[in-house]
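*Asks:* For reference, the chains in residue letters:
2 protein chains.
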Amino acid sequence: MKITRLNECQAVPVNMEGIKGVTKQVPIGKVDGAPHFSIRVFTLEPGGHTPHHSHESEHLNYVLEGSGEAMEGDTPHPIRQGDYLLVKPHEVHQYRNTGETPLVFMCMVPSAYE
Amino acid sequence: MKITRLNECQAVPVNMEGIKGVTKQVPIGKVDGAPHFSIRVFTLEPGGHTPHHSHESEHLNYVLEGSGEAMEGDTPHPIRQGDYLLVKPHEVHQYRNTGETPLVFMCMVPSAYE
Chain B
2 MKITRLNECQ AVPVNMEGIK GVTKQVPIGK VDGAPHFSIR VFTLEPGGHT PHHSHESEHL
62 NYVLEGSGEA MEGDTPHPIR QGDYLLVKPH EVHQYRNTGE TPLVFMCMVP SAYE
Chain Z
2 MKITRLNECQ AVPVNMEGIK GVTKQVPIGK VDGAPHFSIR VFTLEPGGHT PHHSHESEHL
62 NYVLEGSGEA MEGDTPHPIR QGDYLLVKPH EVHQYRNTGE TPLVFMCMVP SAYE
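Note that the protein sequences, when read in sequence, are chains B and Z.
First residue of the first sequence: 2, per this note's numbering; consecutive thereafter.
First residue of the second sequence: 2, per this note's numbering; consecutive thereafter.
Wrong hints could be hidden among the right ones.
Copies of the same chain look alike in the list, so a pair counts if it works inside one copy or between any two.
No more than 30 Å apart at the CA atoms, straight line, and that leaves these computed lysine-lysine pairs for DSS-like [said to hold, decoys possible]: (1) Lys3 x Lys31; (2) Lys25 x Lys89; (3) Lys21 x Lys31; (4) Lys21 x Lys89; (5) Lys31 x Lys89.
Hints listed in this document are in silico derivations from the structure and should not be mistaken for laboratory results.
Predicted model, so just to flag it, every value in this text is computed and none were measured.
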């Protein structure tokens, strides 16, 4: 059994095409022995966003703090603390922080995409 | 894309050997098209608990509200809002609400164990 909290998890800036103001933590992942999927946590600064892209893996999300938008293709959906999201495989999507405070969300993926 | 909140998800009492005061919700699951794993949410009343058992599937948890104990075999570990947990396959475990308010936690499992 592993028990941890976000303030114990290293935060790493994410640098990739189309991304702005995003850091990543992995409270539960492969290194811990999680055999099938991992919990990643992304923090988006105000004005920050993830890439507007698609990929083979799904995302299962829970919004921990803040508010913003989830883009489903070109359609924005408001998201806020307490929302659960499913982004299906190959759906074009993007998370945007349109608020004044950090947008923090869990993003669970199969281990291969951790 | 699916976006939902706990108050939109049906809460079902869980009846099984060794369980007390537990309801279950599934904000993201197989019915939504999640292909590999699901988000279940359990609410334990004060004094409530899950079975003290083990099984083939892992649990990945996030504590949404309240406090209690996670049993690792016969060893209790305090848990509270904001904790992330990994219960590995075949580990004997139990969640107990030792607080005065509901203990609410996310419990992600492979789809077959939803």
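*Asks:* All hints, please: hold or fail.
*Replies:* Hints and how they fare:
no. : hint          : verdict
1   : Lys3 x Lys31  : both (12 Å within a copy, 27 Å between copies)
2   : Lys25 x Lys89 : both (21 Å within a copy, 23 Å between copies)
3   : Lys21 x Lys31 : within (26 Å within a copy, 32 Å between copies)
4   : Lys21 x Lys89 : within (23 Å within a copy, 35 Å between copies)
5   : Lys31 x Lys89 : both (22 Å within a copy, 11 Å between copies)
In this structure, every one of the numbered hints holds.
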